[in-house]
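**Q** Residue-level listing of the chains:
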Amino acid sequence: MQATSIHISQEPRVQYLLRIGDTALILAQRLSEWTGHAPVIEEDIALSNIALDLVGQARAVLTHAGTVEGAGHDEDQLAFLREERDYRNVTLVELPRSDFAVTVLRNTMMATFLRLLWERLGSSSDAELAAIAGKAIKEARYHQRHSADWMVRLGRGTAESKQRLARALDLLWPYAAELFASDAVDDAAAQAGLGPRWGDLKDDWLADMTAILGESALPVPPFVPFLSTGKHGVHSEHMGFILAEMQHLQRAYPGGVW
Amino acid sequence: MTRAERAWVVLGEVLDPEVPALSLRDLGIVRDVIDHGRELEVVLTPTYSGCPATEVIEQSVLAAIEAEGLGPVRATLRRAPAWTTDWISEEGKRKLREYGIAPPGPVMPEAAVPIRFRRREEAKVACPHCGSLHTERLSAFGSTACKAMYRCVDCLEPFEYFKPI
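Chain order of the listed sequences is C and R.
Counting from 1, position 32 in the first sequence corresponds to residue 34 in the working numbering; the numbering is continuous, with no gaps.
Counting from 1, position 140 in the second sequence corresponds to residue 163 in the working numbering; the numbering is continuous, with no gaps.
Chain C extracted, bound-state conformation (with noise of 0.2 Å):
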């Protein structure tokens, strides 16, 4: 076994599957080292089943994405051992898990994206595709609709809390941009019926959006210029520290396995 780094094909089918492997395995990540931090034991446990439903979700992809790819790369050696610039998952989902405003807050905003890509990917051409999706789609709409409920509790709770909201909220709404920033990846995935553009989700993702922020008495911020680039594999500085940690085991021992 090797613990060497691998690399991945650029063809734009596998990386379409990589953008969405890699989102759902590196928000898992960042919503796992909640499991015994959170507020209260209710949260704890929602925030770590939600992790794992994430990784189910990132497993399957990878290893469809492996499949297609065809250089005989399974889920592991895709979780584990890539380079930092082979991950494909936007920025929004590796920034520090911070305090529990911006969990609320992130995990909003990529379930109501998730939600609204798996309904999309359940008619994907790609049967594999459409079938992890068919499962992923009723586990987003639960972690959509729990994560919203928390919007509204924070917003409408004290002012700590609404101010914690608030400040989330500019921390995080400028990487929102990027989401839905198409490129060639798209347009080739959209010819082939694998998956929609994800700039074509835009409008239903705002209209979900701006309803639970208008529930939970914010504004919604406009958008800036700013466009973050992890989906392109150029990440923020926290990526690395990510990648260290979740790589140690599979770096120190080859092909280790639970």
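Worth flagging that the hints you see were computed from the coordinates, not collected in a lab.
Hints are not guaranteed to be accurate.
[Stated by the list, open to error] Residues from chain C that keep clear of chain R, each with C-beta distances beyond 10 Å, as calculated:
no.: 1; residue: Ile-8
no.: 2; residue: Asp-55
no.: 3; residue: Gly-58
no.: 4; residue: Gln-79
no.: 5; residue: Glu-86
no.: 6; residue: Glu-130
no.: 7; residue: Ala-133
no.: 8; residue: His-148
no.: 9; residue: Asp-151
no.: 10; residue: Ser-163
no.: 11; residue: Lys-204
no.: 12; residue: Pro-223
no.: 13; residue: Thr-231
no.: 14; residue: Ala-254
[Stated by the list, open to error] Taking beta-carbon pairs under 10 Å as the criterion, some of the chain C residues facing chain R (in silico):
no.: 15; residue: Glu-35
no.: 16; residue: Glu-45
no.: 17; residue: Glu-121
no.: 18; residue: Tyr-144
no.: 19; residue: Glu-239
Ideal Cβ placement from N, Cα and C applies to all residues, glycine included.
On the provided structure of chain C, position chain R as indicated by the hints.
**A** Chain R only, in chain C's frame:
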């Protein structure tokens, strides 16, 4: 009985590792048993994407069928159509209730509309201990991916609810 029929009987006795009140058949995750002549194939559909019991279930299926002398056997995963709690048998729902877990209600079409504020219609969950419909949700998530935590306001007992998905 054919070999496949005998395998179905065996699978009716293999218990789910996380909800050991139910057999894999009760849970509705065994979708097919196919006799390929030399080899037997058991087709399973996973419950949740990240259910940590999936691998254990696969192993216990293989072990139980081998032990009955029905092997060689292999297990395959079928993702579509996705598993739903509507596949839990009536017998399974009864067993859940007796075990102290409120069985899932039918999956409602409005589950597809997750965001609806102001008086969301929640289906009433009956307390598995006293039958009262006067219950409240304590936690949207529970000890396993498939359950939520509830409390009965009448008999005051806490209980788990198998979430409809």
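**Q** Was the hint right that Tyr-144(C) lines chain R, CB cutoff 10 Å?
**A** Result: holds, 7 Å to nearest chain R Cβ.
**Q** Just want to verify: Ala-254(C) was marked as not at the interface with chain R; is every Cβ pair farther apart than 10 Å?
**A** 23 Å, holds
**Q** Take a quick look at Ala-133(C) and tell me if its Cβ sits farther than 10 Å from every Cβ on chain R, holds or violated.
**A** 4 Å, violated
**Q** Double-check Glu-35(C) for me: the hint is only fine if its C-beta lies closer than 10 Å to a C-beta in chain R.
**A** 16 Å, violated
**Q** Under 10 Å is the threshold here; is the Cβ of Glu-239(C) close enough to any Cβ of chain R for the hint to stand?
**A** 29 Å, violated
**Q** Please confirm whether Glu-130(C) is truly not at the interface, meaning its C-beta sits more than 10 Å away from all C-beta atoms of chain R.
**A** It is violated; Glu-130(C) is separated from chain R by about 7 Å at its closest Cβ, not greater than 10 Å.
**Q** Let's test the interface hint: is any C-beta of chain R closer than 10 Å to that of Glu-45(C)?
**A** 9 Å, holds
**Q** Should the label of Gly-58(C) as a non-interface residue stand, given a Cβ cut-off of 10 Å to chain R?
**A** 3 Å, violated
**Q** Holds or violated: is the Cβ of Asp-151(C) farther than 10 Å from all Cβ atoms of chain R?
**A** 8 Å, violated
**Q** Measuring Cβ to Cβ, find out whether Ser-163(C) lies farther than 10 Å from everything in chain R.
**A** The assertion about Ser-163(C) holds, with a minimum of 18 Å to chain R.
**Q** Please check whether the beta-carbon of Glu-86(C) is more than 10 Å away from every beta-carbon in chain R.
**A** Given that every Cβ of chain R is farther than 10 Å from that of Glu-86(C), nearest at about 25 Å, it holds.
**Q** Should the label of His-148(C) as a non-interface residue stand, given a Cβ cut-off of 10 Å to chain R?
**A** About 5 Å separates His-148(C) from the closest Cβ of chain R, which leaves it inside 10 Å; violated.
Violated hints, listed in ascending order, are 2, 3, 6, 7, 8, 9, 15, 19; each of the other numbered hints is respected by the structure.
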